[in-house]
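Peer 1: Chain order of the listed sequences is A and B. Quick note on the working numbering: the first sequence kicks off at 50 and runs consecutively. Quick note on the working numbering: the second sequence kicks off at 50 and runs consecutively.
To be clear, the hints were calculated from the coordinates, so they are not data collected in a lab. Zero decoy hints are in this set.
Pairs count within a copy or across copies, as identical chains cannot be separated in the list.
In silico DSS-like pairs for lysine-lysine, Cα to Cα no more than 27 Å straight-line:
| id | residue 1 | residue 2 |
| --- | --- | --- |
| 1 | Lys97 | Lys326 |
| 2 | Lys190 | Lys97 |
| 3 | Lys97 | Lys260 |
| 4 | Lys262 | Lys190 |
| 5 | Lys260 | Lys326 |
There are 2 protein chains.
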Amino acid sequence: MSDKTESENFDAEQVAGNGLLDRRVFLRQGGGLLGALGAAAGLAGYSKPVEAETLVVPSWTTTPGAWVQGYTQPSKYEGKVVRGPMPSNPYNNVGPGSVRSPLQYLDGMITPNGVHYERSHNGVPDIDPAGHRLLIHGLVKRPLTFTLDALSRYPMTSRISFVECAGNSGGMLAPTAADGTAQSLHGLVSCAEWTGVPLAMLLEEAGVDPKAKWLVAEGADAATMSRSVPLAKALDDALVALYQNGERIRPANGYPMRLLLPGWQGNMNVKWLRRIKLLAEPAMTKDETSKYSLLLKEGKVAQFNFPLDAKSVITKPSPGVNMTAPGLYEISGIAWSGNGKIAKVEVSADGGKSWAPAALSEPVMSKAITRFRIPWRWNGGPAVLQSRAIDETGYVQPTREQQIGARGSRFQYHCNLITSWGVAASGEVKHVYA
Amino acid sequence: MSDKTESENFDAEQVAGNGLLDRRVFLRQGGGLLGALGAAAGLAGYSKPVEAETLVVPSWTTTPGAWVQGYTQPSKYEGKVVRGPMPSNPYNNVGPGSVRSPLQYLDGMITPNGVHYERSHNGVPDIDPAGHRLLIHGLVKRPLTFTLDALSRYPMTSRISFVECAGNSGGMLAPTAADGTAQSLHGLVSCAEWTGVPLAMLLEEAGVDPKAKWLVAEGADAATMSRSVPLAKALDDALVALYQNGERIRPANGYPMRLLLPGWQGNMNVKWLRRIKLLAEPAMTKDETSKYSLLLKEGKVAQFNFPLDAKSVITKPSPGVNMTAPGLYEISGIAWSGNGKIAKVEVSADGGKSWAPAALSEPVMSKAITRFRIPWRWNGGPAVLQSRAIDETGYVQPTREQQIGARGSRFQYHCNLITSWGVAASGEVKHVYA
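For reference, chain A alone in the conformation it holds in the complex (with noise of 0.2 Å):
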């Protein structure tokens, strides 16, 4: 090694069991190492030579393209990118349904907003902003209401946050490991960027009485969706949310405004949101009583639940997403935290006998989404593929013995162990329970 710069000086060989390479490669560009780990690995064979393709100038390049539209749509021949599956209903196509994003389908960090994860109680609400109000009442010195327009002039605050339905991954309880994707296994989780105005900001507006400890906020859906939410919590980094990726949020999260509670369980980020009234004790509404509470061991019930554990799932390869010829891939996924930054993501090919750390995509934000990949060698053979997100609390994702052991397995919600995936000697990859 001595006759390499330090740059150089990194192990292109395998750093974990069953072909986990080491993720610095990705943090070079332009240097010899590629090419020596491309030729070595099998990188040019995703290439062809240029003699065993005859060059045609397709038809696109010959003929004057569209005219600009006003506001654009992805490629028609990116149809299956789509939130799924759209949920059976006996009620003629109205009332409650969630659908999931594709997350196999998707790179970054962010979520577009036309795939967003989507969960409603009684459907999507539409609502002509000239006529909705924010009322906030209650244990306060002075009830108000406020239009969309009086929040449009308040100081305002950008984040890019995740949401994540308390019921996400709760599949992965199953006796035997579900048939599903990264999508219908773990798509009810988004990333997008906020922008609103800080709850405390209102709050302090129509001045909090000192006895007020929680507050119920509600939305205008038809099924009125309310959830309790302590007042320290809304007077740390809440948002009343009119923006999501730049524009205004679409009407299935929430237009006009939403509450944005980050890293805390989705319904409590109430979409439609019309009324926060504050209280001194919970409100204990249909929304967090029936339903969004934890059934443990011994038949014990945990409720109040609030920030979402570490959790990580690889999304490529992953199924659906298949393995083609033995060679060098890339292990692609996507890691979040309600309590803070991912601090590591660790990949695992041999089924957790041995890990190595992932490279993580910058910018790495709080209780936001954070892609991370590491190269893998592929020979050919079995191997089962997983990750481990661990956060700035030192926390560390479990894995389904750890989970189930600590909480039986009729718990549902927050269901956050990790994820295998089976690759096959065929490149077929599959959930498996390892």
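Guided by the hints, dock chain B onto chain A, whose structure is given.
Peer 2: Relative to chain A, chain B alone:
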């Protein structure tokens, strides 16, 4: 001041002329001073006491909402948030055009994919990704072609980056102030999270001949838009980008792949990328000789002007987003630099006589749009609002007088002078020269 804690120890009075307030008002939530400021500044005037309104249950709360969709769209009430103006064109809706992002209606740093600006030289090609190839040839050891599937196997990088047309803001050189908006004057800039394969990795696989110092990148559109790029940039931070804000790049922005040269002028970020040819000298294409060169004073021409210097523009308030009654407002806008991070944005409410620093929303990323915000107490009188960006190299966005003094007024491209918005006593905001 001695009885205040450190966090309270800021000046809620004005910090620059004509009502600009301390930016730290935004950084602090839940404290007593917000309320004091609000009361003092008229914040409470935005909301209404509950007694002033009859609270009604709107129709959308009493009827089940709409069924979930596979791919969502903005609310029907947001029809003005579109790209524009649509180009006039005698060729029956084909051919070149440009449409601008509606900056005055957006907030945050991300431009949603639906309204990312577009400049196309012969329309948007309808590319079937299965038939698209990227060819790397010229001064390389092994000419290679890549399918989209092949590229998808390579290690990827994500980065949040602006793209800006070199011709953006050219209208600021008109002899009298154009009656425009943030969109019509400056809307040829947008910002997205781009994900793709480092170009350096592909070039290394092809094997760069030591004689190669440039490359020419060519699009598959009917203009075969082509630009020469120094090899050093290609080996630095260039990407062959496949994803835009998480999903595949939209057709208008280069589907299925575009070159991303962070911070460099827009049309070098070649869309619908089909060919990269390595050369010893620049190719001198039509797109870098007849256009995109700067006509300077005394008839000199500057060619190959790559990075875009620091620029900023206030989007709220701005023409079309007017003031209503006197009181406290947020002044907000966007800043960006092709040479690194934004270090500071200063705002003036008195036409440049005095300046105060704005707050910058996280994350502040190199070669990305940064959102800035500062509170302003409008006294109802005339005002001239300006912003100036300073990047991490120390570069300061120039005044109109400075830039025209240095370059003349025919340079057309890379115009980044300070914009002035005049606020009338009526609250109307107009573009002015100040």
